[in-house]
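Generate coordinates for the entire structure from the input sequences, incorporating the hints supplied.
Number of protein chains: 2
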Amino acid sequence: MLKTYQLEASVFDKQDTKPKHVKSLTLSDIKRLPKFEMDATMQCAGNRRKEMSQVKEVKGLSWNCGSISTAKWTGARLTDILKAMGFKDEDFNKKYIQFEGLDVDPTGTPYGSSIAMEKALDPNQCIMVAYEMNGEPVPADHGFPLRLIIPGVVGARNVKWLKKIVLSDEESHSHWQRKDYKCFNPSVDFNTCDFDTAYAVQETPVQSVISEPSASSSISADDGYVTVRGYAFSGGGRGIARVDLSLDGGETWLNAELDNNGQSPYKSWRGHSGGHSTHP
Amino acid sequence: MLKTYQLEASVFDKQDTKPKHVKSLTLSDIKRLPKFEMDATMQCAGNRRKEMSQVKEVKGLSWNCGSISTAKWTGARLTDILKAMGFKDEDFNKKYIQFEGLDVDPTGTPYGSSIAMEKALDPNQCIMVAYEMNGEPVPADHGFPLRLIIPGVVGARNVKWLKKIVLSDEESHSHWQRKDYKCFNPSVDFNTCDFDTAYAVQETPVQSVISEPSASSSISADDGYVTVRGYAFSGGGRGIARVDLSLDGGETWLNAELDNNGQSPYKSWRGHSGGHSTHP
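Residue numbers (UniProt numbering), protein chains in the order written: chain A, 1 to 280; chain B, 1 to 280.
No wet-lab data here; the hints were simulated from the structure.
No experiment lies behind these values; they were computed from the predicted model shown.
Some hints could be false.
Identical chains share a label here; the pair holds if one copy fits it or two copies do between them.
[Claimed, not checked] In the DSS-like style, the derived pairs of lysine-lysine whose C-alpha atoms are separated by at most 30 Å in a straight line are:
| hint | residue 1 | residue 2 |
| --- | --- | --- |
| 1 | K182 | K119 |
| 2 | K163 | K94 |
| 3 | K83 | K119 |
| 4 | K20 | K95 |
| 5 | K119 | K94 |
| 6 | K95 | K119 |
Here is the structure:
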């Protein structure tokens with residue numbers, strides 16, 4: 001398969017029946033483009049759904065707080081790929097950029113998503129088509145041979161097994177862009193929601209999790225100290241400015257120490273605090 | 001004064017004792033640049049401080065929810081001004097862009113602020129140097145002859161009576177950039193805060209206010225309906241996707257109708273809901 005694999009891209013005007021300006025690049029072509037490397041955190045839109053369901057039942061996989069991770073990605077910038085394909089300025093005069101994977105659902109429809117063209121073209125957004133994850137070719141499960149990486153945008157838009165790109169004035173028509181991954185108020189359920197008027201979820205909100213000690217566990221603090229660890233993640237590729245930690249139900253607050261306080265959009269934190277015991 | 005008024009800009013390298021590449025444009029020069037117009041909402045970082053103080057005493061002017069408003073601004077793009085001044089690509093290779101007003105504090109130090117260069121250069125950010133507000137020359141109180149407009153960034157960085165711009169690797173040294181407008185956890189006060197390690201507040205978080213009916217008022221709902229009005233504002237120049245409204249303390253939720261649901265970064269909302277009376 002890999003010998004014949006090509007990443008395709010095209011432009012779609014609504015009045016046309018099929019895309020035009022169809023271009024393609026082989027994997028080797030893409031690897032010859034300027035190499036770009038970054039640490040990026042990816043989070044499923046449903047991370048912590050298990051906890052959400054404890055408040056109100058939510059449909060979907062019952063993720064705990066582990067549906068998030070950070071990897072070093074290596075690849076080419078999405079904009080470099082599109083330019084190398086020979087697209088012109090007028091081709092980018094579209095509202096959206098759609099992505100399609102090689103994977104298909106039971107009806108034979110490929111997985112798809114889209115993001116705003118404005119975001120795709122923004123040089124600060126670091127959107128990448130990755131061919132390596134942590135220094136190895138992207139593993140099959142993670143999207144071999146090419147995976148789209150959009151820092152701070154829900155995992156669902158970071159299309160695996162990337163095959164096709166379409167510049168269009170419409171969002172992807174895929175189920176996952178139009179009939180899923182949208183937010184509603186708590187009084188709306190799957191029977192009453194109006195997917196057509198709701199926005200597709202893109203950037204993730206701030207997330208903060210205490211991973212140690214685990215929920216409902218009892219710990220001792222013989223020396224007057226307890227160590228609390230966790231992670232915090234600010235969506236949209238932004239950083240975490242500060243993590244506040246309270247061990248007394250919000251009466252007093254401490255600043256957590258942040259690890260990885262560098263360039264990465266991912267920040268983990270760690271807190272040490274004194275004088276309180278058990279049940280933080 | 002206006003006859004001799006010039007907007008100045010320069011580059012400052014830390015090893016230098018004074019700025020270099022000093023450039024300037026007159027007001028007429030700036031008015032000859034491509035004219036740009038936008039509706040933008042500006043909010044003081046202390047909007048609703050009065051309500052915050054009801055939870056915990058906060059230092060500063062006791063603003064209610066009215067320290068925010070929307071105007072139509074007309075002017076030139078900041079980047080067009082800097083290019084017209086003749087700055088080169090290497091001049092923009094700095095971390096920050098500092099702004100100084102004509103107004104000085106009791107010690108004679110001009111008001112100042114700064115934002116990240118990355119933000120200033122981003123074509124999607126629509127940062128403007130305005131010479132008109134609602135179709136008239138910017139009023140004296142609002143920054144005549146020139147006011148900086150950075151949609152979605154706290155009012156304090158939208159420098160009035162703009163006089164000087166400095167491209168630098170350092171943030172503005174002004175009191176208002178370095179020793180004020182920073183956030184801390186609730187256990188920190190003005191005596192214990194460490195301004196040097198905290199980030200300067202830039203983009204504002206989401207804000208939503210019920211302005212009608214007023215707080216603690218009793219209203220009748222004889223026909224089974226009450227009308228609730230208010231505003232919602234999403235910082236950073238972003239839009240409001242949805243406003244949820246509950247009239248029963250969070251048991252059930254309604255989607256508010258949004259006014260001005262167009263291009264503007266400002267969205268107001270209005271909600272109608274049925275079947276509940278008094279004390280919303």
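Evaluation of the provided hints:
With identical chains, the CA atoms of K182 and K119 are at most 30 Å apart both within one copy (19 Å) and between copies (29 Å). Taking the shortest alpha-carbon separations for K163 and K94, only the intra-copy value of 20 Å comes in at or below 30 Å, while the best inter-copy value is 38 Å. When the C-alpha separation of K83 and K119 is checked against a cutoff of 30 Å, the pair qualifies both within a copy, at 16 Å, and between copies, at 24 Å. For the identical chains of this complex, K20 and K95 are intra-copy neighbours only, at 16 Å inside a copy versus 41 Å across copies, given an alpha-carbon limit of 30 Å.
When the C-alpha separation of K119 and K94 is checked against a cutoff of 30 Å, the pair qualifies both within a copy, at 12 Å, and between copies, at 23 Å. For the homomeric pair K95 and K119, the shortest alpha-carbon distances inside one copy (10 Å) and between copies (22 Å) are both at most 30 Å.
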